[in-house]
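J.: If you read the sequences in order, they're chains R and P. In this text, residue positions in the first sequence follow our numbering: the first is 1, and each later residue adds one. In this text, residue positions in the second sequence follow our numbering: the first is 1001, and each later residue adds one.
Hints may contain errors.
[Unchecked claim] The calculated DSS-like cross-link candidates involving lysine-lysine, where the alpha carbons are at most 27 Å apart (straight line), are:
#	chain 1	residue 1	chain 2	residue 2
1	P	Lys1088	P	Lys1124
2	P	Lys1187	R	Lys77
3	R	Lys77	P	Lys1134
4	P	Lys1088	P	Lys1146
5	P	Lys1140	R	Lys77
6	R	Lys130	P	Lys1140
7	R	Lys130	P	Lys1146
8	R	Lys130	R	Lys141
9	P	Lys1124	R	Lys77
10	P	Lys1088	P	Lys1187
11	P	Lys1124	P	Lys1140
12	P	Lys1134	P	Lys1088
13	P	Lys1146	P	Lys1124
14	P	Lys1134	P	Lys1146
15	P	Lys1088	R	Lys77
16	P	Lys1124	P	Lys1134
17	P	Lys1088	P	Lys1140
In case anyone wonders, no lab produced these hints; they're calculated from the structure.
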Amino acid sequence: MYALLLLITSGMWTWSPAPHDPHVLRLWDGNTLAGEYCTSTGVYRAWNGLSGRCDVVAEPPACLPVSANNFGVETGKLRPLITRYRLSGMPVSRDVAFEALKGRPVAAGVPDRRSQRWITAAGGSEQQRKQLLDALPADVKGSSRVQSYPAGHWALRPGFAVRQDVPTLYVQTPSGGVIHRHEGTDVTPELISALREPDPKYDPKLSPDLRKGWPGLPRVPVPVGAAGVVLAGVAAAGAGSGRKKKGE
Amino acid sequence: MIRAFLLLAGLALAALTFLQPSENPTPAPPVCPGPGPCPAPQPKPAPRPSPRPWGDLLPASVEASVGGRVAPDGAQLMIDLPGDRHVKNCGGSDGLGLCVFTSIGMAADWANVPQLVDFQGFMKRRPGGGYPSKVDAMIKAICAEKGQPVPEYLNVEAADIDLIDAALAAGHVVCCTYSRSPTRRYKGATIAHMVCIVHGDPKGNNGAGCYAILDNNYIGESNYEYLSRAELASVRPRWCVILISQPGPPPPPAPLS
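Chain R on its own, in the form it takes in the complex (with noise of 0.2 Å):
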């Protein structure tokens, strides 16, 4: 298998296949060695200066070379001709996984998070965003998007202006602009009111009424596959000789 190496350079650093044990590859500095591993037992020894050997265990200092051509999925393990979806470990149906997306399904419009605002804890210690996202109700937290990060972390993006000791709420519209932003973790009535005041630009007249279906749903299932065309051109030409006989 190790014939067929691809070899990796990060930055300097080169695997090559050993000339003396086909198991054995070596990490390369440029033109130094640096050491070797063995791939049968996994370990990696480092040169020793002192012994003129790799005989220092330690950890590679460069990623593993990989296989060509596989890049890590074991395709004989994956089953072509079974369709399955599961949870956490636990089988479901598409509909299960559909729903666990948050949403329906595409045909009939899943709910678009974009458009959701962002509700954000940013600093302070875990326990204290903890308290502080707790302290905001399921129905506020259901209708936004609710993060929680520690000071520093990459996601919060320049702008953020946050403490390490205490952590603070940002409240933002789908697009960044800042709703709502305070210091400590005291959520007041008066904030979830204002979190629950509905939008200002809300039109009635483009809310679906599900008494006519989902909007961009046939109301009749639609027969799908080959079987589906078979059946819809025996209907056509039932319907076709059917008028027939009634011109004749």
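Given chain R's structure and the hints, the job is docking chain P onto it.
T.: Frame of chain R; chain P shown alone:
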């Protein structure tokens, strides 16, 4: 008897006429009638277009391309994981790659699931290669090692692009198998690989669909591979892993006044 003879003779004559090679297989050039200049020879007529009984129902194919954080149709990338958070694939202890765990690690970084962020680091000392039941076992193992709860995730063994659309619309990274590169990375070879789908607009690119691949062998903000919906189907997204743990993705935008 005479009728039979006449019939046979007729058949033989017809066969001879049919089999006789033509003396002039190509038509003779038209004789210039003159006077005056002869017309220039006509070019060969263009081949007739193949019939399209389905009319314009199918969108025209769009060529796959490699690009940055703006899709070919001008849309901003839906899942804009910063380039310095991209993780390059590497091998496990047996040389098999860790693309599955590298992809899930990046999805965890985006979804703020800290227990899975360094999944690749956890797997480096273990045999590489991934498949659905191994993902279940390894997620349990890394969460047990870190003393954290197992996050909610979907393990989908189906080429269900509607589900991929729904996951992307909800802001989730979709870690998905990928059997070849439509932009001819890997020299067009068939490969065993998992990548992250980070953008998906089924109606983008004038109806052809627009999807972006973050390939852990080609990381960086200028290395996204953009595919149409038909091209996405052609790379066999037969197995997907989607982290759906709450609070879930994505990170908030920069605050504005």
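J.: Next, verify each hint and record whether it holds.
T.: Now for the hints, and whether the structure bears them out:
A threshold of 27 Å between alpha carbons decides the hint, and for Lys1088/P with Lys1124/P the separation of about 12 Å falls inside it, so the pair holds. This hinted pair checks out: Lys1187/P and Lys77/R have alpha carbons roughly 25 Å apart, not beyond 27 Å. The hinted pair formed by Lys77/R and Lys1134/P meets the criterion: a straight-line CA distance of about 10 Å does not exceed 27 Å. Our distance criterion of 27 Å between C-alpha atoms is met by Lys1088/P and Lys1146/P, whose separation comes to about 23 Å.
With a C-alpha separation of about 19 Å, the suggested pairing of Lys1140/P with Lys77/R holds against the 27 Å cut-off. A distance of roughly 24 Å separates the Cα atoms of Lys130/R and Lys1140/P; the hinted pair therefore holds under the 27 Å criterion. A hinted pair counts as satisfied when its Cα atoms are at most 27 Å apart, and Lys130/R with Lys1146/P qualifies at roughly 19 Å. The hinted pair formed by Lys130/R and Lys141/R meets the criterion: a straight-line CA distance of about 13 Å does not exceed 27 Å.
The straight-line distance between the Cα atoms of Lys1124/P and Lys77/R is roughly 21 Å, inside the 27 Å bound, and the hint therefore holds. For the suggested pair Lys1088/P and Lys1187/P, the alpha carbons sit about 19 Å apart, so the restraint of at most 27 Å is met. This hinted pair checks out: Lys1124/P and Lys1140/P have alpha carbons roughly 16 Å apart, not beyond 27 Å. Under the criterion of a C-alpha separation no larger than 27 Å, the hint pairing Lys1134/P with Lys1088/P is consistent with the structure, at around 21 Å.
A hinted pair counts as satisfied when its Cα atoms are at most 27 Å apart, and Lys1146/P with Lys1124/P qualifies at roughly 16 Å. In summary, the hint linking Lys1134/P to Lys1146/P is supported, as the alpha carbons are separated by about 18 Å, within the 27 Å threshold. For a cut-off of 27 Å, the pair hint linking Lys1088/P to Lys77/R stands: about 24 Å separates their Cα positions. In summary, the hint linking Lys1124/P to Lys1134/P is supported, as the alpha carbons are separated by about 15 Å, within the 27 Å threshold.
The straight-line distance between the Cα atoms of Lys1088/P and Lys1140/P is roughly 23 Å, inside the 27 Å bound, and the hint therefore holds.
Consistency with the previously given hints is maintained throughout, with no hint failing.
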